[in-house]
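The primary structure of each chain is shown beneath.
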Amino acid sequence: MTQSFRLPEGGVIDRGRRLGFRFDGRDYMGCAGDTLASALLANGVHLTGRSFKYHRPRGILSAGAEEPNALIQLGEGARCEPNLRATQIELFDGLIARSQNRWPSLDFDIGALNNRMSRLLPSGFYYKTFMWPASFWMKYEFIIRHSAGLGQAPEGRDPDRYDKTFAHCDVLVVGAGPSGLAAALAAGRGGARVILAEQDALLGGSLWSGNGETIDGAPARDWIEAARRELEAMAEVTILTRTLAYGYFDHNFVALVERVTDHLGGVAGKQPRQRLWKLRAKQVVLATGAIERPLVFAGNDRPGIMLADACRTYVNRFAVQPGKRAVVFTNNESGHLAALDMAAAGIDVAAIADLREDPMGPASERTEAAGLRVIPGSAVVGTKGERRVKQVRIARLNPDGTQALAAGENLDCDVLAMSGGWNPSLHLFSQSRGKVRFDSGLGCFVPGASAQAERSAGSCNGVFGLNDCLAQGFNAGKQAAQDAGIKAGSKGGAAPQAGNGDFLPARWIWEVPSGKPAGRAGKAFVDFQNDVTANDLKLALREGYESIEHVKRYTTTGMGTDQGKTSNVNAIGIVAQTQGREIPDVGVTTFRPPYTPVTFGVFAGRDVDDLLDPVRKTPIHDWHERAGAAFEDVGQWKRPWYFPQAGETMHQAVNREVKAARESAGIMDATTLGKIDIQGRDSAEFLNRVYTNAWTKLAVGRCRYGLMLNEAGMVIDDGVTARLGEFHYLMTTTSGNAAPVLAHLEEYLQTEWPDLDVHLTSVTDQFATVTISGPKARALLADVAGDMDLGSQALPHMGVGDGRVAGIAARIARISFTGEMSYEINVPASCGLALWQALMTAGAKYAIVPYGTEAMHVLRAEKGFIIVGQETDGSVTPIDLGMDWIVSKKKTDFIGKRSLTRPDIIKPDRKQLVGLLTGDPKEVLPEGAHLVEGAVGQPPVPMLGHVTSSYESPNLGRSIALAMIKGGRDRMGQSLQAPLADGRTIACTVTGPVFLDPEGTRLND
Amino acid sequence: MLVIPCPHCGPRCEIEFSYGGQAHIARPQDPAAADDATWADYVFMRDNTKGVFLERWVHSHGCRQWFNVARHTVTYEILASYETGAAPPNLDLESQA
Ligand SMILES: [Zn+2]
Chain Y
1 MTQSFRLPEG
11 GVIDRGRRLG
21 FRFDGRDYMG
31 CAGDTLASAL
41 LANGVHLTGR
51 SFKYHRPRGI
61 LSAGAEEPNA
71 LIQLGEGARC
81 EPNLRATQIE
91 LFDGLIARSQ
101 NRWPSLDFDI
111 GALNNRMSRL
121 LPSGFYYKTF
131 MWPASFWMKY
141 EFIIRHSAGL
151 GQAPEGRDPD
161 RYDKTFAHCD
171 VLVVGAGPSG
181 LAAALAAGRG
191 GARVILAEQD
201 ALLGGSLWSG
211 NGETIDGAPA
221 RDWIEAARRE
231 LEAMAEVTIL
241 TRTLAYGYFD
251 HNFVALVERV
261 TDHLGGVAGK
271 QPRQRLWKLR
281 AKQVVLATGA
291 IERPLVFAGN
301 DRPGIMLADA
311 CRTYVNRFAV
321 QPGKRAVVFT
331 NNESGHLAAL
341 DMAAAGIDVA
351 AIADLREDPM
361 GPASERTEAA
371 GLRVIPGSAV
381 VGTKGERRVK
391 QVRIARLNPD
401 GTQALAAGEN
411 LDCDVLAMSG
421 GWNPSLHLFS
431 QSRGKVRFDS
441 GLGCFVPGAS
451 AQAERSAGSC
461 NGVFGLNDCL
471 AQGFNAGKQA
481 AQDAGIKAGS
491 KGGAAPQAGN
501 GDFLPARWIW
511 EVPSGKPAGR
521 AGKAFVDFQN
531 DVTANDLKLA
541 LREGYESIEH
551 VKRYTTTGMG
561 TDQGKTSNVN
571 AIGIVAQTQG
581 REIPDVGVTT
591 FRPPYTPVTF
601 GVFAGRDVDD
611 LLDPVRKTPI
621 HDWHERAGAA
631 FEDVGQWKRP
641 WYFPQAGETM
651 HQAVNREVKA
661 ARESAGIMDA
671 TTLGKIDIQG
681 RDSAEFLNRV
691 YTNAWTKLAV
701 GRCRYGLMLN
711 EAGMVIDDGV
721 TARLGEFHYL
731 MTTTSGNAAP
741 VLAHLEEYLQ
751 TEWPDLDVHL
761 TSVTDQFATV
771 TISGPKARAL
781 LADVAGDMDL
791 GSQALPHMGV
801 GDGRVAGIAA
811 RIARISFTGE
821 MSYEINVPAS
831 CGLALWQALM
841 TAGAKYAIVP
851 YGTEAMHVLR
861 AEKGFIIVGQ
871 ETDGSVTPID
881 LGMDWIVSKK
891 KTDFIGKRSL
901 TRPDIIKPDR
911 KQLVGLLTGD
921 PKEVLPEGAH
931 LVEGAVGQPP
941 VPMLGHVTSS
951 YESPNLGRSI
961 ALAMIKGGRD
971 RMGQSLQAPL
981 ADGRTIACTV
991 TGPVFLDPEG
1001 TRLND
Chain B
1 MLVIPCPHCG
11 PRCEIEFSYG
21 GQAHIARPQD
31 PAAADDATWA
41 DYVFMRDNTK
51 GVFLERWVHS
61 HGCRQWFNVA
71 RHTVTYEILA
81 SYETGAAPPN
91 LDLESQA
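These protein sequences, in sequence, are chains Y and B.
Counting from 1, one number per residue, gives the positions in the first sequence under my numbering.
Counting from 1, one number per residue, gives the positions in the second sequence under my numbering.
Hint data in this document are derived by calculation from the structure and do not stem from the laboratory.
Careful: at least some of the hints might be erroneous.
What the hints assert, rightly or not - Calculated from the model, a selection of chain Y residues having no Cβ within reach of chain B, i.e. all distances over 10 angstroms:
#1 E155
#2 G269
#3 E386
#4 G493
#5 A494
#6 I509
#7 E549
#8 V634
#9 G635
#10 H759
#11 R860
#12 V924
#13 A981
#14 D997
To be verified - Covered stretches of chain B, as calculated for chain Y (at least 3 residues, CB under 8 angstroms):
#15 31-41
#16 61-75
Ideal Cβ placement from N, Cα and C applies to all residues, glycine included.
Based on the sequences and whatever the hints tell you, model everything.
So, in structure tokens, the structure goes:
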């Protein structure tokens, strides 16, 4: 196709670099420097989507981030991305895009039925639908969602790389239009460390939309080029183009997304696709510009109806005619500028309908001089054209602007340029918690008092003349640098000078009358993206929604990805007009980040796949892998779960491991247990305070099991602590809890007991720990422990001593989590693998079997030993666990002690740890199953508790389970029922939690 | 994301810290002597101040020291930070609230 709407000259495009692209299956050509929107317009394509609710044909409205209609699905397969604005997509060769809100096709779609049934889709439609019978919603949901969907998620995983970076600066300037460039120049000349962020590929902002402006006597584009060169030459200035500041957070933390290679079309090479900048600025200058406001009139949403300044941008920057015959509808000078530029570009400007009775200003003087037809005191009161505007009706209004006088005049056109004034872009200012105020002279909201170290400059601050913008920007940059502590140098220079055309004065008519009775006139849209009309707002008010925040939520105006960029002030104006209030009394809704949608990928950055979370492996890990272990994640650790032999199921492997640990010898890698080295004169006193039992009398060379509570009396950890010397202890914690326990201990040491002489050091990574367990454990150890005395005199149960195992210096503790005679052998981490291999070799004659965490769980459950986090969930006390034996009655205090006598803690009906035996010994209860009493009747059935651990026990030849049951210890022998999700109910009997060797004879000789 | 001035390390980003709730809640000297209401008050009840709030932070990914911060819960402005055990700085809390 030819670019039949491309002007032969002008613009900032490279006609020599022609780029092919595909839109909705058709091939087109554009030029380097185009956006997708400008390239489509160059080919005469306006229709780019269907509206969200009514599926009305929609075209390109704007030329920037505020675009509500032309939402595009870009790319294909894993690289496809929804909800991009065609006005922000830089064209590249081979670009493939689809309109996204249309089904089955853009030209005809079933959703347009919604348009005819629009009386059924009033404001609050979704809320009302929810109030219908649920069965109705189920029926409609599919159709509504299918036809209202905004784009599709990509298929497959994102193939691109993303990056994140932190940065600090003295002055962040957001926006590189005339105000922002002037601010960056002033701050940079002062020597400040400046970051200048511009969402566009070009510096210059609105200057590219204009025509003929001069700054310091030179054409604007020469001034931009000179400013860019000067800034690039400053060592402390960083220019970030294609970088959108999307969020302004506390303490001048501003988040930006840099589109590093998007414009290259997926050819990322070594560069990431996008980069997230987490920026902390001492001072921020917001130079975010302003967004033109549509006018609200009947039929204002047809393709070809565009913002006036966007028409200028397409003509002047992209050398594209938005149409061949234009009508302009304006309430201020901007429309006249568009008319002049369009006429200069060979577009036939049929008329300028100006709401003002007496248009005056620098631009309207020029339209008059140019002989363009201006119709003062008039409005567009209706439009025609299905997929493109083809005719508009212009009528004069009565003096107060509430009625159209006479039927008016029909004018043919293929583009209607409208301007309802300007909205300063307050999104970032509002996100910074600055309060906006309404300036009734300007007819817009402007920044009020700042909440953070920030200042606004230029049109985002309600200043619209070019000279004023340059002056204010320059001054803001200078002041910001000074406030950031940079001493002003002598090289500051003066603010750039320019002419000062302005868009004022304007006439504010928030809703343009149509001349037809209400209900007969076409829809007058306020929010194009959310498909909200002026009538929807008024209906919400009639239904009793008075607060603007409620109106916003009920009608959805200003919500979603758009955040009210074009709609906000019109909506507030109509609400104010309808309620007979002043706009400041209506107030303004909150702008929320992000300013425009941000990809999930950039938030993830490199924290994906292997880099998502650190993986911790023990020094013996490679051996486990070679042995074919299945692993489970315990915190960040990879622990062997079980070691299947050829042809074994998990079940068979675990049963074999469990039996070996009771019948011969098992060996387990226990390196992951948390280890905290405790030293200092008050270490025993400290342990007394953090554990429930007494520690003062523990002898050197002995170990003790401890339960740790929080101040509410709930169990938070358990483990064995060994006394290594007079003032030296080694505490072990559960594998997943090492860091939280250390933090808990440090907190009390620092904040409650700073007088205690105690020093804590995490030594988890310094030691490898291997446990051997079973009747042959001692014989095996004796074979490799040289002349170390392993007799029960020298190393009794709960004893600890140093020796050499297989020639490696080792600390050996005789402690048991299996109920068998067990030794926990600690060696320097670097020797862990050697120790393991030596024990495996020496253990061959004892039929040693490596076992994993699953077998460990079965072994400890046979003994009724708890696992913190499995039997406990943060609401379980030692009394609940039946572990009163470990709670000292003599100690006056320990963390949590006082809470153990609170009335709620001593209630007899608290959940208590019990054992459960199923009637059918082969039936293994699912963990988490709830337990009830008696026959399962009509709900609600009182729940007594739940199964916390459940296994098949090969040593007992039946299933066993642990459970937390209300008043469980008084229910011994009772029969309970476990109703399962599959409909079966399993009967079981309450028992004590210790199933095997309750006397502990296997531990001792 | 806040900038938190650690009294030992200087201003650092919030992600280096963990929050510890209201400051200056003294653990009763003799818990056994506290009645149930007093003890429950100590364990569970905290102020929900609109205005300047004295709160605890720990520099988890830095010096691992606990310290106190005076932060305005509406503006998030941090008015002071000081070491655990030190008296709060003399702030005009009424006018800030
Ligand atoms: Zn610190």
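If you test the structure against every hint from before, which numbers come out violated?
none
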